[in-house]
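Chemist: The primary structure of each chain is shown beneath.
Number of protein chains: 2
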Amino acid sequence: MFKVPDHQVAGHRAQDGKLGPVIDDAGRFYKPLQNDERGSKEVAFYESFSSNTRVPDHIRRFFPVFHGTQLVEASDGSGSHPHLVMQDLTLNRLNPSVMDIKMGSRTWYPQASMKYIEKCLKKDRDSTSVHLGFRISGLQTYESKKSGFWKPAKKTVQSFTVNDVKSSLRKYVSSNPSSKTEPDCLFASIVYGGSDGILAQLLELKAWFENQTIYQFSSCSVLMIYGKEGSEAGSSHPEVKLVDFAHVVEDEGIIDHNLLGGLCSLIKLVSDIVNSPGECVKRRFAGIREE
Amino acid sequence: MFKVPDHQVAGHRAQDGKLGPVIDDAGRFYKPLQNDERGSKEVAFYESFSSNTRVPDHIRRFFPVFHGTQLVEASDGSGSHPHLVMQDLTLNRLNPSVMDIKMGSRTWYPQASMKYIEKCLKKDRDSTSVHLGFRISGLQTYESKKSGFWKPAKKTVQSFTVNDVKSSLRKYVSSNPSSKTEPDCLFASIVYGGSDGILAQLLELKAWFENQTIYQFSSCSVLMIYGKEGSEAGSSHPEVKLVDFAHVVEDEGIIDHNLLGGLCSLIKLVSDIVNSPGECVKRRFAGIREE
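As given, the protein sequences belong to chains A and B, one line each in that order.
Per our numbering, the very first residue in the first sequence carries number 41; after that it's consecutive.
Per our numbering, the very first residue in the second sequence carries number 41; after that it's consecutive.
For the record, the hints were derived by calculation from the structure and aren't laboratory data.
One should not assume that every hint holds.
Identical chains blur together in the list; that is why a pair holds if it fits in one copy or across any two.
Claimed, not checked - As a list, the in silico BS3-like pairs of lysine-lysine whose alpha-carbon atoms are at most 25 Å apart: (1) LYS163 - LYS185; (2) LYS186 - LYS163; (3) LYS246 - LYS308; (4) LYS246 - LYS206; (5) LYS81 - LYS281; (6) LYS220 - LYS206; (7) LYS191 - LYS206; (8) LYS308 - LYS43; (9) LYS58 - LYS191.
The shape of chain A in the complex, shown without the other chains:
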């Protein structure tokens, strides 16, 4: 009945007897609760968010639907284990292209211990988080029946520089992501652009984050999802979702400037691609190396 999700690009994976999320065939995603306080904090967030009338309806679409918690056989064979149950975000998607972006130049929450802060600060400095206000945690983008997905290895993604991130945002919407030539950004306008493309959705989230003072989302992720097959029929259906809420702090009465700053930085890079759709192709023909 349960199986390991095919399209997970970041986080713990349920393989080789390890604990990780599973999905069922009814469209639900089961995430094992972490034993420390992170598990209970994430459940507390979903419960608060589900019932909070101050969250506008149009913002709810950016969050996975929450179905409570459930005891489920753990993927590591250790018996039944409490799981968070939510919507499977890639349900009914054939070969979805997915990018997981950990938001914020700071991934530690202010109340954390010095030891935890130092651990996060090192990762933030070693990755693009401090420079860019976010880092890519994982990605896959479908290339073709023959070559399948372009999915850089975890270690490769972890060592991404600012220019690698810029380049990956172009490859993510290209028909030739694995090629050594310049990415063609063939799907940029259909995926990033448009009235309900990724950019429009990010801007809608930004407007909310400029005002909402309910939640501080330390170290959550923005997921971008779209389908390449059938995109000509307009079915690429790009979606932005927020996930990973183990460190949310509530009701501080201030905006989440840490997430918002990273969101503005991501918006700038995505809008540069949308506003210069020919840039990738021009570079390719001119033989100019990407910065």
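We have chain A; now place chain B onto it with these hints.
Modeler: Showing chain B alone in chain A's frame:
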């Protein structure tokens, strides 16, 4: 010819034989160059900024006019010393109300040494920087001929909590800042509001920061200045200025999400005051304590 500025609310002060900025009676402000690389970095920024054609004209009004460097008798009596020469921002202001706000949840620059980062991180965590995305470095606001300025002591300002910052932003535009009753926010609409009030200016800066990828302004300050006397005649003339550029890094090709996040946070607090002009007074009459 030179004298110690009357309305400096933060930074080193030229008193008791210490090195600090001085002004002349021609409207110039002389800031001693720090001996380490900070001095030369700040000069380099002003030189770059003055000549950079990518900076839109309407943005230049938010920066002090730069008049080069000059050898001037140091205020600590140590002989002539190189000074940055710029516009005296409080020239011709009678009893100006001034607030100096150090921007960013992070005041260290990514290239800094671990020792420097740790020093800044401690200050950022101990102040409101991490929580709010900025901290108040100093302020004064004119109350009356009789009581003069309300100007909390440096130590008091350094220990401001988030609620102290919220309260100070109200007191800054009140006729009764030193009173123990609630601040009346009498000048909120004339200073923060209006088509060229502080809020409108902050929003104009924000629009630039969402796009500019030329400069990263680590640990610079937003100065807010206005005049209370004569405000009925419309001469309160609120101004926003950016100052302190010893740690600017150039041409990273990414937005300054650290400053932008703090700017959005400040904008939210200021707009809350503008949008609820009666809030302060209501609280006062209801006898409700500020949060």
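Chemist: Look at each hint and say if it fits the structure.
Modeler: Hint by hint, here is what the structure shows:
no.: 1; hint: LYS163 - LYS185; verdict: neither (36 Å within a copy, 54 Å between copies)
no.: 2; hint: LYS186 - LYS163; verdict: neither (36 Å within a copy, 55 Å between copies)
no.: 3; hint: LYS246 - LYS308; verdict: both (12 Å within a copy, 13 Å between copies)
no.: 4; hint: LYS246 - LYS206; verdict: both (20 Å within a copy, 23 Å between copies)
no.: 5; hint: LYS81 - LYS281; verdict: within (19 Å within a copy, 41 Å between copies)
no.: 6; hint: LYS220 - LYS206; verdict: within (15 Å within a copy, 53 Å between copies)
no.: 7; hint: LYS191 - LYS206; verdict: within (16 Å within a copy, 47 Å between copies)
no.: 8; hint: LYS308 - LYS43; verdict: neither (38 Å within a copy, 45 Å between copies)
no.: 9; hint: LYS58 - LYS191; verdict: within (21 Å within a copy, 60 Å between copies)
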